[in-house]
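Protein chains: 2
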Amino acid sequence: MKALSRGAFGALALGLALSAGAGPQTDGAAELATARQLMTAAKADAVGLTFVEDLTTEIGPRLAGSPAEQRARDWAVAELKGLGFANVRVDAFQIPYWSRTHERLSVLGPSSQPMVITALGGSRATPDGGLEAEVVRFTSLADLGAAADSDVAGRIVFIDEPMFRMQDGSGYGMAVAKRSACHKMAAAKGAAACLIRSVGTQHHRMPHTGVMDRRGADGVSQPLGALPAAALSPPDADQLARLLARGPVRVNLDIGVESAEAAPSGNVIAEIEGGAHKDEIVLLGCHLDSWDLGTGAIDDGAGCGIIVGAAKLIDALPGKPDRTIRVVLYGSEELGVFGGDAYARQHTEELSKHVLAAESDFGAGRIWRFQTKFGEGALGHAKTLHTLLAPLGVGPGDNRSGGGPDIGVLARSGVPVVSAGQDGTDYFNYHHTPDDTFDKIDPEEFRQNIAVYAAFAYMAADAGWDFRAPAPATE
Amino acid sequence: MKALSRGAFGALALGLALSAGAGPQTDGAAELATARQLMTAAKADAVGLTFVEDLTTEIGPRLAGSPAEQRARDWAVAELKGLGFANVRVDAFQIPYWSRTHERLSVLGPSSQPMVITALGGSRATPDGGLEAEVVRFTSLADLGAAADSDVAGRIVFIDEPMFRMQDGSGYGMAVAKRSACHKMAAAKGAAACLIRSVGTQHHRMPHTGVMDRRGADGVSQPLGALPAAALSPPDADQLARLLARGPVRVNLDIGVESAEAAPSGNVIAEIEGGAHKDEIVLLGCHLDSWDLGTGAIDDGAGCGIIVGAAKLIDALPGKPDRTIRVVLYGSEELGVFGGDAYARQHTEELSKHVLAAESDFGAGRIWRFQTKFGEGALGHAKTLHTLLAPLGVGPGDNRSGGGPDIGVLARSGVPVVSAGQDGTDYFNYHHTPDDTFDKIDPEEFRQNIAVYAAFAYMAADAGWDFRAPAPATE
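Residue numbers (the numbering used here), protein chains in the order written: chain A, 620 to 1094; chain B, 620 to 1094.
The following block holds chain A by itself, in its conformation from the complex (with noise of 0.2 Å):
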């Protein structure tokens, strides 16, 4: 509760407790005013910059499942508890492991050349020295579904398929379909491993990594996939694609790999408790571990920095808001998505208390829309939320949010949730790449978005708004 929302207060309180939780359809104009506030405090952020700063500076790579990741647990916890959080704890789980200890493709012919690549999460490994073959290039993951067995049988398969770039980053669904599936295709059809031109945007030599799908007919993810896999370079694959047009080529790829069916990850949770209404909540989530490669800066340090920034920014204001907000720093995203699932497992009898969830997990830039997944009779808050955060340059977004990675799980048990698009032009420059180091985030933008999540968090919290509501009865 503010100071500046104390009369306002009053009512909504009554109101809450009059409709069991969904609070009644107000226009929350006392939050409004204190939500500009907290815009206006988002721009002198210090929090939330330290924040990934620190994480990416003291800890640095933190793969899932590693004691890399274990660290950033127990740096975070401390730091949440520093910053003043409540309820500051590790939701425990564990997930099967995977990670790289080499490498390497080698051009044996025409002329010996090494190329850079990166394994997949889940590549299986090499016999040792590697194993060579002649390589089979295809244009697409389609390609190489309509090939004849004997056409890729012993074969190294490349799907060389470019991703285009796009500002909501819808291109990276249609080009990670060949990351995930090549390796079950390929084996199907007697491959002896897979590479991909890396699933990016940029032109420089550096491999994008990602996971595989390794899930079996269960559904389960298993520790490795069906074949050795790794990505090129965009140059690299340009070249492979030159040699290939010159006649065949023979290569050596060589990929060393640990795994285990089990090893420890955790969410990292911490929270600002709610007033009247605690036992309600508004979900703030990331992810805490990172790939190998980079420092995990806009992937997803930047999201965490940006939940804590905005959450210690209501934090600090007079009073506590009416709900609780629950920041989640999620293990295991890049392996699987594993603690969104852990989550939703862990909280299901939770669940229907989770009034709203949102999820940062797509770097650092502007956020330059705001879609929601409401109920129908909500429709208004939303409108309510474009036109707060309007001068902020977030325009309207339609209200098909799928949420993010790790609430998706949320969302689909109707919890509703809200993404705060941010611009994804050059997100994929980086995005799994040695690359996606702390210098990549630019302050402004990333303040922008702690200004967006504060506000409309605060709103969630304290303004009592029920975005669940169906649509009204009409007649």
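Everything hinted at is true.
Below, a sample of chain A positions facing chain B; criterion: calculated Cβ distance under 8 Å:
{"no.": "1", "residue": "Glu677"}
{"no.": "2", "residue": "Ile678"}
{"no.": "3", "residue": "Arg690"}
{"no.": "4", "residue": "Pro729"}
{"no.": "5", "residue": "Ser730"}
{"no.": "6", "residue": "Val735"}
{"no.": "7", "residue": "His822"}
{"no.": "8", "residue": "Arg824"}
{"no.": "9", "residue": "Pro854"}
{"no.": "10", "residue": "Pro1053"}
{"no.": "11", "residue": "Thr1056"}
{"no.": "12", "residue": "Asp1058"}
Which chain B residues stay away from chain A? Per the calculated CB distances, all over 10 Å, these:
{"no.": "13", "residue": "Gly701"}
{"no.": "14", "residue": "Pro746"}
{"no.": "15", "residue": "Ala806"}
{"no.": "16", "residue": "Arg869"}
{"no.": "17", "residue": "His966"}
{"no.": "18", "residue": "Trp987"}
{"no.": "19", "residue": "Gln990"}
{"no.": "20", "residue": "Thr1006"}
{"no.": "21", "residue": "Pro1091"}
Keep in mind that the hints were calculated from the coordinates and are not lab data.
All C-beta atoms in this analysis are idealised placements derived from N, C-alpha and C, irrespective of residue type, glycine included.
Starting from the known structure of chain A, fit chain B onto it as the hints suggest.
Relative to chain A, chain B alone:
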């Protein structure tokens, strides 16, 4: 001699004969018309660009003294013969050999994390398993020089000095001093190894390699420098600086190298044999070797493509120019300008017959100015060339050209030189990194280079000009 200039040529030939190789100071009007035709023809160049594409694709990296450099020589000889050049041959020489086998830097504390480095040319190997020491940071080579031995002894020196981005590349000379000299200065103070912030202008996880000054007091290069030494990528240098700002940092530096007192290298030479004055030489140079990290596209496949493309345009004219155009693809530039030195040694008696030399070794960016180093009496020819090249967007330059790395020795011995100055604003984003690949060449800018080289080389070879001409006696 060209059909277009046949009329002029008679007079020129006579003039040259009378002046013993120092041609009459004509305006070269007939040649200028042909030069303009060459400039137009360059827009459709296929030879030059294909030369770079094929070299970087079919050979790839070609480290000085390595089997790959030998393959590049064999390939270049076959290509140049195939293109119809005369007197294609290799001038062999030997170099002190160095190559990397592995390079790793791991931060041990406060938190374990890997860093992206590349060994510098001439780096010594560390002991097996690496050497462990604390890092001491300096912001310049001068600061290291001023440090007490006790602050340096037993530690790993880190020189964290950025490079300035400058169109003419002059930021390089300032920044490269630490790469050349750190090992000797740090060794004298008892340091265990040297690290430097990459000499480059980009901000990717891409370290820039390059050679250290390995010359002894006798001026002769040895295979190995005084210490293990490596460059950190810019984000890694930032990270190390941030860690050091938080407290002491221990690292493990693990570098493996191979070296030898002598390895085979060579300069590949091809000519367009001149007419009446075929003993007079217009030399166009580039270097054929490259660093091992990239495929040597901008450094210096592009330079070779430019001079080969330009020479081929001249060779395709209906008649030969009066003087010989000699194309020299120098070997082993990167490890110590060994090809340039070998050429000067092997062609000492011919140097007075070198009427002009030029070298393309600064990428494929648009040429923006044209510098000369002519005798004072030949400055009118510089002016004529400036006027000729202006329509290509080339501005005039001063008369203080130093030539270039491999022809510097010729310039110092009095051979007139020109520098067709390329825009180097982005050159040091790629130079000596894995990112030096074919896709970084802009074909249109590359062809502008060919136009410039074809035009001035033709003028130098056919207009009978004497670029050594001293200032006319005044009174």
